[in-house]
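*Asks:* Use these hints to put chain B onto chain A, whose structure you have.
Number of protein chains: 2
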Amino acid sequence: MTNLLTNPQDVNTNIPPSNSRERAKELVKTLQDKICQGLEEIDGKAKFQEDNWEREEGGGGRTRVISNGGVFEQGGVNFSEVWGDTLPPSILVQRPDAVNQGFYATGTSMVLHPKNPYVPTVHLNYRYFEAGSVWWFAGGADLTPYYPFAEDAIHFHKTLKQACDKHHPEYYPTFKHWCDEYFYLKHRQEARGIGGIFFDYQDNRGQLYAGSDHNGLANQYSQKVGTVSRTWEDLFAFAQSCGDAFLPSYLPIIERRNGMEYGEKERNFQLYRRGRYVEFNLVYDRGTIFGLQTNGRTESILMSLPPEVRWQYCYSPEVGSREAELTEVFLKPQDWANLGNN
Amino acid sequence: MTNLLTNPQDVNTNIPPSNSRERAKELVKTLQDKICQGLEEIDGKAKFQEDNWEREEGGGGRTRVISNGGVFEQGGVNFSEVWGDTLPPSILVQRPDAVNQGFYATGTSMVLHPKNPYVPTVHLNYRYFEAGSVWWFAGGADLTPYYPFAEDAIHFHKTLKQACDKHHPEYYPTFKHWCDEYFYLKHRQEARGIGGIFFDYQDNRGQLYAGSDHNGLANQYSQKVGTVSRTWEDLFAFAQSCGDAFLPSYLPIIERRNGMEYGEKERNFQLYRRGRYVEFNLVYDRGTIFGLQTNGRTESILMSLPPEVRWQYCYSPEVGSREAELTEVFLKPQDWANLGNN
Chain A
1 MTNLLTNPQD VNTNIPPSNS RERAKELVKT LQDKICQGLE EIDGKAKFQE
51 DNWEREEGGG GRTRVISNGG VFEQGGVNFS EVWGDTLPPS ILVQRPDAVN
101 QGFYATGTSM VLHPKNPYVP TVHLNYRYFE AGSVWWFAGG ADLTPYYPFA
151 EDAIHFHKTL KQACDKHHPE YYPTFKHWCD EYFYLKHRQE ARGIGGIFFD
201 YQDNRGQLYA GSDHNGLANQ YSQKVGTVSR TWEDLFAFAQ SCGDAFLPSY
251 LPIIERRNGM EYGEKERNFQ LYRRGRYVEF NLVYDRGTIF GLQTNGRTES
301 ILMSLPPEVR WQYCYSPEVG SREAELTEVF LKPQDWANLG NN
Chain B
1 MTNLLTNPQD VNTNIPPSNS RERAKELVKT LQDKICQGLE EIDGKAKFQE
51 DNWEREEGGG GRTRVISNGG VFEQGGVNFS EVWGDTLPPS ILVQRPDAVN
101 QGFYATGTSM VLHPKNPYVP TVHLNYRYFE AGSVWWFAGG ADLTPYYPFA
151 EDAIHFHKTL KQACDKHHPE YYPTFKHWCD EYFYLKHRQE ARGIGGIFFD
201 YQDNRGQLYA GSDHNGLANQ YSQKVGTVSR TWEDLFAFAQ SCGDAFLPSY
251 LPIIERRNGM EYGEKERNFQ LYRRGRYVEF NLVYDRGTIF GLQTNGRTES
301 ILMSLPPEVR WQYCYSPEVG SREAELTEVF LKPQDWANLG NN
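In the order they appear, the protein sequences are chains A and B.
First residue of the first sequence? That's 1 in this note's numbering, and the numbers climb one at a time after it.
First residue of the second sequence? That's 1 in this note's numbering, and the numbers climb one at a time after it.
Since the hints were derived computationally from the structure, they do not count as laboratory data.
Among the hints, a few may not be true.
Because identical chains cannot be distinguished in the list, a pair is counted as satisfied if it fits within a single copy or across any two copies.
As the list claims (entries may be wrong) - In silico DSS-like pairs for lysine-lysine, Cα to Cα no more than 30 Å straight-line:
1) K115 x K265
2) K25 x K47
3) K115 x K34
4) K29 x K47
5) K47 x K265
6) K29 x K158
7) K45 x K265
The following block holds chain A by itself, in its conformation from the complex (with noise of 0.2 Å):
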């Protein structure tokens, strides 16, 4: 458990160790390997095909997809490591000191598209940056259900908390409303999913939450929270902690769901729900932007996208049915880790 200092500016937290870009590399390479293991595992009839590419610029990846499996209609898992001269400006907007300086980040990201309406999909991302002198981790894992079962979201966000309870107990509730804060269509006034964790910009500066007051979360929040001094190696075992807790967070939720029946009114749905998806990672998500404007690799970009989509002008789901129950009860926050202590 880290310590609450007085003076979270301490320099000398500000030290990563000499093999820092290795050892971050190797987390998030082999979380890629640990996670791809397990789904085809659980998948029983698709196996991942890879991709390795290199970016000219400096770097490169290795993307790997699933498709037409036992549960996965679609998904990607994709690893990749670049440096350059410079970030790019929507980095620095937020990180000013590293302006001007050499950059590597390295990360590990993923989306899953299942086909049976009832598993919901599952979005997760680990990254570690460095800048000159600054660093910083980020990262989390979201779940996106199409159909209501607070079972479910309970279990995701509890092994969610577990994995962040190990290293600080501010961690959970900080990142958990920051994610309900990032994952939100201000078009729709619709949260994408039921949220998970997400955090940015984590170094030795020790403050928790920057994110910004899309939906009026943010503000209210922020002042909660306090600064917290840790060093590289609380946030490395952190973010090891918060990787290694997708697969115990979300195998057991295909489990019990995979094996349901369903028919055409649920398949039809989940691909109305889908187009919010595509709404959400074209108009708004940061990673998906940054990357289509700043020539990276589209194929592996865009693998987030689902397969297949649909869009209805004006749909409204019937009164009282468990599409609206989605929409009016999970797609807005909820305390799912504490509801399960009920």
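*Replies:* Just chain B now, kept in the frame of chain A:
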């Protein structure tokens, strides 16, 4: 035909008629009516459903949607008239003299997604703005085929060219070029379709061209285009000619293609290509992004999205296929109007 004047900044041309807003509104509203009538006739099965809506900050609109028709799987024709205290920053960047001025805007926009993959998707938008002493006309129409038929591309462009040529010989080449420049997916290095015409900020000040340069066409072209003095009446008449050219530019293509038989392969390719339409509209389209970010009526804005869409990781059409011809030949700028003269 408008004359080239030695002094295009002539202040006398800057005065719109006293009933300019009413006339512009009637122009685009009547255009909506004429288009809907023509489309219902050719569809033969479905009728437009109309939603009237009001905008809290001032104004409202009339959204019409057709679906599951004999031709149209889904399509929408929107009319709107809005006013307020100040134009959004995205427009003020191009029109600094409209800062701190109340504004009025009216327009008609349309997107049609036919069911048969041999019938192209089509988009049209004509609009008029006033802000203080500044006013301008904008709009255009462009075609997005799924299969390559030179005959259709030539017909579409020639019809628009004839409408433009009645008003000025530089209109068609300038606005055709601007269209190629605007409807471009940088992250795919691909045009959205075979283009058409696109113009913005057409006023009495004579600058025909105000494109940006995201695909490298703009700089090369903007050097070549001079200034042309037009009155409000000139531009009103031009917008009217363009709007009236829509049905003659598109209906003959439907007549030729809608009876053609197709299979699962063609349908799958259509759904895949529709993904590009979604990518363009959500990542690049000014009107869509502006609308979503500024509390527009989401369902009216996103009625442009296709009813069914597919994404497929690293899909590439077979070498030498019609699908490959689309991308390799039709999705690069071509001089369609003059090809038809050979």
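*Asks:* State for each hint whether it applies.
*Replies:* Here is what the structure says about each hint:
{"no.": "1", "hint": "K115 x K265", "in the structure": "both (14 Å within a copy, 21 Å between copies)"}
{"no.": "2", "hint": "K25 x K47", "in the structure": "within (24 Å within a copy, 57 Å between copies)"}
{"no.": "3", "hint": "K115 x K34", "in the structure": "within (22 Å within a copy, 43 Å between copies)"}
{"no.": "4", "hint": "K29 x K47", "in the structure": "within (18 Å within a copy, 54 Å between copies)"}
{"no.": "5", "hint": "K47 x K265", "in the structure": "both (29 Å within a copy, 25 Å between copies)"}
{"no.": "6", "hint": "K29 x K158", "in the structure": "within (25 Å within a copy, 55 Å between copies)"}
{"no.": "7", "hint": "K45 x K265", "in the structure": "both (25 Å within a copy, 25 Å between copies)"}
Violation of the numbered hints given earlier is absent; every hint is satisfied by the structure.
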